[in-house]
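In the order they appear, the protein sequences are chains A and B.
Its first residue numbered -5, the first sequence is counted upward by one per residue in my numbering.
Its first residue numbered 366, the second sequence is counted upward by one per residue in my numbering.
Rather than coming from a laboratory, the hints here were simulated on the basis of the structure.
Straight-line C-alpha distance at most 27 Å; calculated BS3-like pairs for lysine-lysine:
1) B/K424 to A/K233
2) B/K380 to B/K424
3) B/K527 to B/K424
4) B/K585 to B/K599
5) B/K380 to B/K585
6) A/K233 to B/K527
So you can see what is in the structure, the chains are spelled out below.
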Amino acid sequence: MGGAREAVARIGEGPDVVTGEGAPAASAPAGRTSAGWKVLPIVEGLVLLIALVLPWVLQDYLTVFATRVVILALFALSFDLVWGYAGIMSFGQALFFGAAGYGVALMARDLNVTSILLILPAGTLIGLTASLLLGGFLLLGRYPSSVIFVSLGTLTGSYAADRLARGWYYLGGQNGIPSIPPLTLGSYEFEEGPVYYYMVLGILVVTYLLCRFLVRSQFGLALAGLRENEQRIAFFGYKAQHLKAIVFAIGGTIAGLAGSLYAFHEGFVWPNMLGVVFSTQVVLYVLFGGSGTLIGAVIGTVIIEGVSFWLSDNYRDVWPIILGVLLLLVIMFRPLGLISFVLGERERVGSFGKEPGKGPSKAAKKEAGNAAP
Amino acid sequence: MPLLEASGISKVFGKLTALDGAALTVGENEFHGLIGPNGSGKSTLMKCVAGAEVPTTGKVSFVNTDITAFSPTERARAGMSLKFQITSVLPTLTLYDNILLALQAQSSLFDLVLSRTRNRLHDQVMTMLTQFRLADRAYDAAAALSHGQQQWLEIAMALAGKPRLLLLDEPTGGMSLEERRVTGELLQPIKQHCSLVIVEHDLDFIRDICDRLTVLDQGKVLASGTVAEIQANKSVQEIYLRRA
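Between the sequences and the hints, there should be enough to build the whole structure, so can you do that?
Laid out in structure tokens, this is it:
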């Protein structure tokens, strides 16, 4: 972590004389709140509406595909929280996804546990524990850890888990663990199809709302500070590294939830679920849709998965190339993701204090009341 | 007992000795200027006090506590605050949110998640913005401010946590004459509850607002005393004449 110490030492250094009045201000556009404010709820509502009617219009095999996408969107949400909001470059998010998947698969295989009431808490707990351990190690040093350290650390963790799973006979080696029985609730079995779809959609919506509450709270404001200038907010007295570790753990928990749903939906787990492939995929979902917006993560997942599904059907050989070019174009020309076509900067960042037009604060109202005769 | 006492501070970067046994003593409610030619170690001394650098040798005491090994977070919680030389307001956030971010720094995690201090802090946010003549732009993004206004916003943020000591690294860098004058006015009232250490090139500005000065030259303290004493000091006059 030598880089971290240097990073601390660099604080406050800069050109001795700031040249030209207003030069720094000119680098960013003026920020007066624009009139068309509430794009986000409309987009969110539309996405939810489409998601709700999908099983009615899709053929059965496509509903199964849609279910997989919804679970992956949940996974993307976990990465977006960690990277898009807290600025922690987690290149190994699949570690938590896959570890939970393997964990619940083992519970089903060796202990015959398939009850949803045990499996989902177990999956989240595995995600939480793994992310607490890795996050504690990577983020809670004496000095803030550098981005490189964290991204390589998470990547290594994910890669190591992948290798471990491939080599370990108990975990099924290269083949993973096949034939996981369906999730159950009492005597009911969750088979693939509309019921499983609506269940995971419900879980996604609830998780989404919880995340939304979190990122729009004062805690979210602290995260914005963390993302933009970690050292600055440490000088305000924030325990910046603790904040990071907490968000990392929340992300790991959500990834664990997604991983356990995925394992039971697919009916098997395999080493890729832990490794670099899934870790990279989730980065792409979020970059493509728009990091730092929750809905961007969901949209990115849906579009990338949808497009690659369609492409692989129609352009059997060249589809990965087409997808790659598409991704590159978006990242080059829309670094804030597809969502930035409709969402302005002001709304993306959000306001945490009182907004204009929301009426005076309680205190101001009281004052006005006192002033009146 | 002084509020801040740094003594025997040395800082070596490889072969370069930036500080060589420097010292700085600041009393309660005192405005203290730290001056010296370029490369004399002013900024490094400031960073050692603020916790951005760890001194090679020496001791920093603050409110009778040895804080030499404290992290920036711990120093902030002990009542020390820093305004960076380069402005580091958060450009995409509104002015309001910038101040709120600084004010809520010591709220508990629980309060932050449930946004429980937002209403309570509202009046403080507006007071700070009004004090620094920024209230009418409360809901603009900080990036839209002029350079001078960004500096004021940053001073306001540094003061938000009600520190007992504020460290200002070149507060008037890049400001117009008028902006400098206003900065001096804005700083005066804080003397009632806060001490100040200022690193600054503008000697007129320093003379107008400071009570005491410490002059550094080549990493050592050349002189320390009241403004009048320093102005009368022969060796100080010499280094400034030599380089003028």
